[in-house]
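Those sequence lines, one after another, are chains A and B.
Note that the first sequence covers residues 1 to 450 in my numbering.
Note that the second sequence covers residues 1001 to 1236 in my numbering.
Treat each hint with caution, since some may be false.
With the Cβ distance kept under 7 Å, some of the chain B side facing chain A (calculated, not the full set) [stated by the list, open to error]: (1) 1063; (2) 1067; (3) 1092; (4) 1094; (5) 1095; (6) 1097; (7) 1099; (8) 1108; (9) 1129; (10) 1204.
Take a look, some chain A residues computed to stay more than 12 Å from chain B by CB distance [claimed, not checked]: (11) 8; (12) 20; (13) 23; (14) 32; (15) 61; (16) 80; (17) 148; (18) 160; (19) 175; (20) 241; (21) 253; (22) 274.
Sample of chain B residues facing chain A (criterion: CB under 8 Å; computed from the structure) [claimed, not checked]: (23) 1062; (24) 1064; (25) 1066; (26) 1068; (27) 1090; (28) 1093; (29) 1096; (30) 1098; (31) 1106; (32) 1109; (33) 1116; (34) 1123; (35) 1130; (36) 1136.
Calculated from the structure, these hints are not laboratory results.
These numbers were taken from a predicted model, which means no experiment stands behind them.
The C-beta atom is built at its ideal place from N, Cα and C for all residues, glycine as well.
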Amino acid sequence: MARGRVLAADAAARAAGVRDGLRLSTALGLVPGLAVCERAAGREAAALEALACWAGRFTPEVSLAPPATLLLEIGGCLRLFGGAEALIAAALAACGSQGYTAAWAAAPTPLGATWLAWGGAAAIHAEAGGFQRALAALPAGVAAWPAEIQARLAAFGAATLGDLRRLPGAGLRRRLGSGVVDDLLRAWGEIPDPRPVFVFPERFAQTLELPARVDAAAALAFAGQRLFAALAGWLNARQRLVRGCRLGLIHDDGGTTELPLRLAEATADEVRLGRLLREHLGRLRLAAPVEGLTLAADDWVARPGSSGHLFDLPPAGEGVMACLERLQGRLGETAVHTLGLAADYRPECASRAVPPGNPSSAMAVPAGLRPLWLLPRPQPLAERAGRPQWHGPLALETRPERLESGWWDAGEPGAPGDARRDYCVAKNPLGQWLWVFRDGEGWFLHGLFG
Amino acid sequence: MTAAPLPAGLSEVLARGDVWCGDTLARLPEAGIPSGHAQLDAELPGGGWPRGGLTELLCERPGIGELSLLLPALAALSVADGWIALVAPPWQPHAPAWAAAGLALERLVVVRAGRDAAWCCEQLLLSGGFAGILAWPPVGLDARALRRLQVAAEGQPTLACLWRPAAMAATPSPAPLRLVLAPFAAGLSLHILKRRGRPAAQPLTVTLPRSGKPRALVCPPFSLPAPRSAAPQAVA
Chain A
1 MARGRVLAAD AAARAAGVRD GLRLSTALGL VPGLAVCERA AGREAAALEA LACWAGRFTP
61 EVSLAPPATL LLEIGGCLRL FGGAEALIAA ALAACGSQGY TAAWAAAPTP LGATWLAWGG
121 AAAIHAEAGG FQRALAALPA GVAAWPAEIQ ARLAAFGAAT LGDLRRLPGA GLRRRLGSGV
181 VDDLLRAWGE IPDPRPVFVF PERFAQTLEL PARVDAAAAL AFAGQRLFAA LAGWLNARQR
241 LVRGCRLGLI HDDGGTTELP LRLAEATADE VRLGRLLREH LGRLRLAAPV EGLTLAADDW
301 VARPGSSGHL FDLPPAGEGV MACLERLQGR LGETAVHTLG LAADYRPECA SRAVPPGNPS
361 SAMAVPAGLR PLWLLPRPQP LAERAGRPQW HGPLALETRP ERLESGWWDA GEPGAPGDAR
421 RDYCVAKNPL GQWLWVFRDG EGWFLHGLFG
Chain B
1001 MTAAPLPAGL SEVLARGDVW CGDTLARLPE AGIPSGHAQL DAELPGGGWP RGGLTELLCE
1061 RPGIGELSLL LPALAALSVA DGWIALVAPP WQPHAPAWAA AGLALERLVV VRAGRDAAWC
1121 CEQLLLSGGF AGILAWPPVG LDARALRRLQ VAAEGQPTLA CLWRPAAMAA TPSPAPLRLV
1181 LAPFAAGLSL HILKRRGRPA AQPLTVTLPR SGKPRALVCP PFSLPAPRSA APQAVA
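With the sequences and hints as input, model every part of the structure.
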């Protein structure tokens, strides 16, 4: 609804007699419970820009024709998508999953394609002859000319664009002004029609308003997927890969919940982002119902170029990094890690957890015999007749190895501190190989040789 | 009456791929990973640890050398740029020992899975990117979960080992290879409970390389040097 008049109505309202251009009071009289929304031009423009970002997946040359038209230059990417039919089918399917219905046409000139789409052509006109015939058959009212010009055209008796083109150009220019004639020439491709190319924003930040309040976290996955589709388009157009993004949940009480999504490996794959989001949402408890989502991608890297393989088949499965990322999403970031060495003689400090995908520093491995497993903290052992006991008396297999280190963090909370220990490999009667040590306080079990 | 003709085509029939003789080991579509122990390789179908199927290793208590048995195979996988995952390990892995065994630490993933160990294993198997997965599933892992894991492992180029208590030996399992490990003088005694092919007759023994020599050493009494805090005072 705009300026007190109905602008668009859904099928149910139309069935009740609501027509475009009707006064609001009349419409409310027809349908007392009519849900009325004021037209918001700013939000329409934002939606068109969001859609332009999303369209970056198909072509880098997108231009906007406000209020509601998007022009994609597809001549250069037909081969990539396997022909115009395949490209348009993919675009329409993706457009549907974005929640929009599109009237479309493909034609050699941007203005011609726009008019054909407005006229509901839904056809591909690749060659000039068929395209010009289709254009000539369009009613003259299709073009977005002012109402006064439309009225004069009707007075001329020119019902279609073809009729209009047959009238002498000079006279038409004198009577209607240059705009109409130039538009005709542009649509037919007789004068050039350069369009400003949509500049993909430097930073990606989009907001999506949900049609209804959502109480269950899992239900947000679908809406999140729409934002990820726009992000994937933006990443594709700017030749970037995202490493981390922030999803904000806007609650109906005005609060926001931030959900940081970290990726183990930079990607532009919206499906992978969607899977990661589902793992996070599975753990999330909503503080309040959600009425909108925001997505901001602030951690991105330039996409490295790579050649596709001619004969190799792509590997089955999603690959290591994508899998680890999902495990991290479900179990927590610290629960999945690779190992690294640390330059410390104390065994409890010699390993460290490294996030997957980071190379561990090259370091010399200590020479002594080390166990594969380390107990979280040394376990005191009983001593009988001078021999430590653990499921029976232990037999020592090696000479003691003295480790003496760590004076620098003695007394610090959580640090093992100054250690002076004699380590031995020991075996118990059950056949277990153990790593035990003795210090001033007695015998301790510290590890197992698996 | 003449004697029945000799089955002349018997050898041809036996040479067919889909005819299986009761006294041979199955041939696997993919060669196994050499275990590093010749007598064990001879007893395993495929000539080594199998890929694309679960391997159950049952042992009474940890620390008897059960991991050392696998280390040569794991090191070979890791050297060939393979990823190894440890799912729900019983203790924390000590990085220097794994590095000394020849594993690349940046491709050794530790997953603290908690109750989700079976789910994690399935996901790791399905990802198709791992060369080896060692999992310590919770004790109450049911047959259904095992079946899911076996289905996930089929066709993947992954060595998938499950460590389970020896008490599970009597419970049937869908894993095509099951071994019971027990300590033996300087190594392990292996009893192959189940394998593809004829059943194993007797346990075999494997010696594990240990740098320690089996002799009882008497540890010298623990002696501490003079406390270090005395030194600065002496300087002062």
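In ascending order, which of the hints set out earlier in this document are inconsistent with the structure?
10, 36
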